[in-house]
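**Q** Here the protein sequences come in this chain order: A and B. Each residue of the first sequence is one higher than the one before, starting from 1 at the first, in my numbering. Each residue of the second sequence is one higher than the one before, starting from 1 at the first, in my numbering.
Derived by calculation from the structure, the hints in this document are not laboratory data. Treat each hint with caution, since some may be false.
Cβ pair distances, simulated, as ranges [as the list claims (entries may be wrong)]:
{"id": "1", "chain 1": "A", "residue 1": "Glu20", "chain 2": "B", "residue 2": "Thr196", "range": "54 to 60 Å"}
{"id": "2", "chain 1": "B", "residue 1": "Thr84", "chain 2": "A", "residue 2": "Gly44", "range": "46 to 52 Å"}
{"id": "3", "chain 1": "A", "residue 1": "Gly89", "chain 2": "B", "residue 2": "Leu361", "range": "55 to 61 Å"}
{"id": "4", "chain 1": "A", "residue 1": "Ala63", "chain 2": "B", "residue 2": "Val50", "range": "54 to 60 Å"}
{"id": "5", "chain 1": "B", "residue 1": "Glu291", "chain 2": "A", "residue 2": "Asp62", "range": "41 to 47 Å"}
{"id": "6", "chain 1": "B", "residue 1": "Leu361", "chain 2": "A", "residue 2": "Ser115", "range": "52 to 58 Å"}
{"id": "7", "chain 1": "A", "residue 1": "Gly89", "chain 2": "B", "residue 2": "Val97", "range": "55 to 61 Å"}
{"id": "8", "chain 1": "A", "residue 1": "Pro41", "chain 2": "B", "residue 2": "Glu37", "range": "53 to 59 Å"}
{"id": "9", "chain 1": "B", "residue 1": "Arg130", "chain 2": "A", "residue 2": "Asp6", "range": "27 to 33 Å"}
{"id": "10", "chain 1": "A", "residue 1": "Gly89", "chain 2": "B", "residue 2": "Asp220", "range": "37 to 43 Å"}
{"id": "11", "chain 1": "A", "residue 1": "Thr227", "chain 2": "B", "residue 2": "Arg217", "range": "44 to 50 Å"}
Where chain B lies over chain A, by a calculated footprint (3+ residues, C-beta under 8 Å) [stated by the list, open to error]:
{"id": "12", "stretch": "154 to 163"}
{"id": "13", "stretch": "235 to 246"}
Heads up, the beta-carbon is just placed ideally off N, CA and C, and yes, glycines get one too.
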Amino acid sequence: MAILADKNTRLIVQGITGREGSFHAEKMIEYGTNVVGGVTPGKGGEWVHGKPVFDTVKGAVDATDANATIIYVNPQFAADALYEAIDAGIPLIVCITEGIPVADMMKVYSYLRRSKSRLVGPNCPGLLTPGQAKIGIMPGYIATPGSVGVVSKSGTLTYEVVFALTQRGLGQSTCVGIGGDPIIGTNFVDVLEMFEQDPTTDKVVLIGEIGGRAEIDAAEYIKTHMTKPVAGFIAGATAPPGKRMGHAGAIVEGGEGTAAEKIDALRKAGVRIAANPEEIPDLLG
Amino acid sequence: MNLHEYQSKQRFGKFGVPIPLGRVATSPQEVYEIARELGGPVVVKSQVLVGGRGKAGGIKLAQSAEEAQQLAETILGMQIKGLTVRKVLVDPASKFVKEIYLGIVNDRAAGKPVMMASSEGGVEIEEVARTNPKAIIREQIDPFLGLRDYQARNLASGINLPREHWRAFVKIAQSLYACYLDSDAVLAEINPLVITADHQLLALDGKMTIDDNALFRHPDLAEMRDTDAEPEAETQARAADISYVKLDGQIGCMVNGAGLAMTTMDMTKLFGGEEIGPANFLDIGGGAQAEKVAAALRIILSDPNVKSILVNIFGGITRGDEVARGILQAREQVGINLPMVVRLNGTNAEQAREIIQNAHLPNLHYAETLTEAAQLAVSAAKGAM
Numbered sequence: 001m002a003i004l005a006d007k008n009t010r011l012i013v014q015g016i017t018g019r020e021g022s023f024h025a026e027k028m029i030e031y032g033t034n035v036v037g038g039v040t041p042g043k044g045g046e047w048v049h050g051k052p053v054f055d056t057v058k059g060a061v062d063a064t065d066a067n068a069t070i071i072y073v074n075p076q077f078a079a080d081a082l083y084e085a086i087d088a089g090i091p092l093i094v095c096i097t098e099g100i101p102v103a104d105m106m107k108v109y110s111y112l113r114r115s116k117s118r119l120v121g122p123n124c125p126g127l128l129t130p131g132q133a134k135i136g137i138m139p140g141y142i143a144t145p146g147s148v149g150v151v152s153k154s155g156t157l158t159y160e161v162v163f164a165l166t167q168r169g170l171g172q173s174t175c176v177g178i179g180g181d182p183i184i185g186t187n188f189v190d191v192l193e194m195f196e197q198d199p200t201t202d203k204v205v206l207i208g209e210i211g212g213r214a215e216i217d218a219a220e221y222i223k224t225h226m227t228k229p230v231a232g233f234i235a236g237a238t239a240p241p242g243k244r245m246g247h248a249g250a251i252v253e254g255g256e257g258t259a260a261e262k263i264d265a266l267r268k269a270g271v272r273i274a275a276n277p278e279e280i281p282d283l284l285g
Numbered sequence: 001m002n003l004h005e006y007q008s009k010q011r012f013g014k015f016g017v018p019i020p021l022g023r024v025a026t027s028p029q030e031v032y033e034i035a036r037e038l039g040g041p042v043v044v045k046s047q048v049l050v051g052g053r054g055k056a057g058g059i060k061l062a063q064s065a066e067e068a069q070q071l072a073e074t075i076l077g078m079q080i081k082g083l084t085v086r087k088v089l090v091d092p093a094s095k096f097v098k099e100i101y102l103g104i105v106n107d108r109a110a111g112k113p114v115m116m117a118s119s120e121g122g123v124e125i126e127e128v129a130r131t132n133p134k135a136i137i138r139e140q141i142d143p144f145l146g147l148r149d150y151q152a153r154n155l156a157s158g159i160n161l162p163r164e165h166w167r168a169f170v171k172i173a174q175s176l177y178a179c180y181l182d183s184d185a186v187l188a189e190i191n192p193l194v195i196t197a198d199h200q201l202l203a204l205d206g207k208m209t210i211d212d213n214a215l216f217r218h219p220d221l222a223e224m225r226d227t228d229a230e231p232e233a234e235t236q237a238r239a240a241d242i243s244y245v246k247l248d249g250q251i252g253c254m255v256n257g258a259g260l261a262m263t264t265m266d267m268t269k270l271f272g273g274e275e276i277g278p279a280n281f282l283d284i285g286g287g288a289q290a291e292k293v294a295a296a297l298r299i300i301l302s303d304p305n306v307k308s309i310l311v312n313i314f315g316g317i318t319r320g321d322e323v324a325r326g327i328l329q330a331r332e333q334v335g336i337n338l339p340m341v342v343r344l345n346g347t348n349a350e351q352a353r354e355i356i357q358n359a360h361l362p363n364l365h366y367a368e369t370l371t372e373a374a375q376l377a378v379s380a381a382k383g384a385m
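Excised from the complex, chain A in its bound form (with noise of 0.2 Å):
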């Protein structure tokens, strides 16, 4: 069953005739993602890939009666691009844009939280549900079926790890990319909340890092609601304060936000914390 999206999903791609668009729908494709169409204003009409292109969101959901979207639009489109899919009705919206001025995302964040979709990202690599559906640009080999549910605000790293389970025997149900922006759509809570109430996944991994509060906030909800066992690694111990480490949310301000900190709510809650990332398969034991 996993969360988020499985075979019976029906995804288009918003920015389907650019270069990255393009290149990750035909990866989506050859994965097994039922990808219905793409859309891209003013090339309506056009096929790439064997699947139609509309001019609008609306006009490809109500061709192909999708329910999901990925975007891949410029930074500067992609505010507009998330608004079209909202008012389009559609449950499931992926960004994976990086670089979305923050102004852009509160105001979209604000207008999302009155609607009925979710959003997933931006600035993240999407999410994998092994042998059903690959939305986004996790390498879907990396990945076998099984019962591990995989959140992480990274990208190589949730690779690393994922490959790491993949190897040592431990399938996932469902591995989910939930972005390094400070404004982001779904949260470690979020997933934490699918993967608990989901049947298929037994255990889970969270990955974090420095920046923010979101995993102080996923240590509180697993010590007081989480029955799964959860493992898991905070990147950026050894980062210095007031600086941004790539991801425009990885930044620790004000004395907050430390990989210390976090590490110490998580184990306070139960969560088995690795210092190294390779033995994360090890904690799941």
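Given chain A's structure and the hints, the job is docking chain B onto it.
**A** Frame of chain A; chain B shown alone:
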């Protein structure tokens, strides 16, 4: 991107915040002229992007233009927390009876801007948050509605601002919000906002941080970046579209992805202990062609503390064999004598290992896992390889 005090205040002033009528100078002679024009006592304030300028002796009061010039001679060129003072702001000295704090930041958890006021102005807000959190009053702002006047009045009332100043305070709060919005700031603060001896509100000091992701629509602000305030290598990295932060350790790290880059840093410390750690954060991004790898290597090598180099790439869409070839090519271009440990995981990792191993270079090592790579890089940094 952080703006200097003088840049922030000028911008606040444009939006209607009352600011002192000072100007910025780069030579003692200029300071003298500005002080003479202003007449009366002035404050000479070093413009460097760090806190604690006052304590470091970078802010001084002068009674005359001559004294201002003398002070400028010591302040210009002095070092404050490793930064050289190249500019000073000369402001007329103000007599005030009360200092308050007014600022706006992004509340990540709420996904909204939050305006904060405190009756304890003149000290860092983080300090107040620690010692007297109740002194800070907050109002969350709906991004579609903007700051409402009543919210500004709530702040004024919350910090016990005398009623005679409310009207002026609301106007300043609205101006600050407009400035924050127009500049795509992630932080805009007036600290202190003072009540002067003649009952006026005045922004004596200001600070702004602009959202780097929004600079594409603010070419005027992007030009204000003070590249003096950052290590040369960080400026070069930005030009090469590489994310780089210089640190104090000995192991130069080159990684793809921010989370994995931080993890790689952490691993060098995990195995390096007290003496050995990461020399930098470096995220090379996706792709990692030879050209970009070469640029990254040059940046890493510009740090004289670097004793060994650790390359950790997880090839997802990127193919490991291409990265491996890129590394060999880049090594030739750049010319490296330092020991280098390469670890490539993911797509085509097997071919990548063959390429690296078949190169038979004495100071180039291939590692299978991140653990092994970090351990090798640590022993290399200790001179054991």
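**Q** All hints are to be evaluated individually against the structure, with a verdict given for each.
**A** For each hint, the structure was consulted:
{"no.": "1", "hint": "A:Glu20 x B:Thr196: 54 to 60 Å", "in the structure": "holds, 55 Å"}
{"no.": "2", "hint": "B:Thr84 x A:Gly44: 46 to 52 Å", "in the structure": "violated, 57 Å"}
{"no.": "3", "hint": "A:Gly89 x B:Leu361: 55 to 61 Å", "in the structure": "holds, 58 Å"}
{"no.": "4", "hint": "A:Ala63 x B:Val50: 54 to 60 Å", "in the structure": "holds, 57 Å"}
{"no.": "5", "hint": "B:Glu291 x A:Asp62: 41 to 47 Å", "in the structure": "holds, 45 Å"}
{"no.": "6", "hint": "B:Leu361 x A:Ser115: 52 to 58 Å", "in the structure": "holds, 57 Å"}
{"no.": "7", "hint": "A:Gly89 x B:Val97: 55 to 61 Å", "in the structure": "holds, 57 Å"}
{"no.": "8", "hint": "A:Pro41 x B:Glu37: 53 to 59 Å", "in the structure": "holds, 56 Å"}
{"no.": "9", "hint": "B:Arg130 x A:Asp6: 27 to 33 Å", "in the structure": "violated, 48 Å"}
{"no.": "10", "hint": "A:Gly89 x B:Asp220: 37 to 43 Å", "in the structure": "holds, 39 Å"}
{"no.": "11", "hint": "A:Thr227 x B:Arg217: 44 to 50 Å", "in the structure": "holds, 47 Å"}
{"no.": "12", "hint": "154 to 163", "in the structure": "holds (count 8)"}
{"no.": "13", "hint": "235 to 246", "in the structure": "holds (count 10)"}
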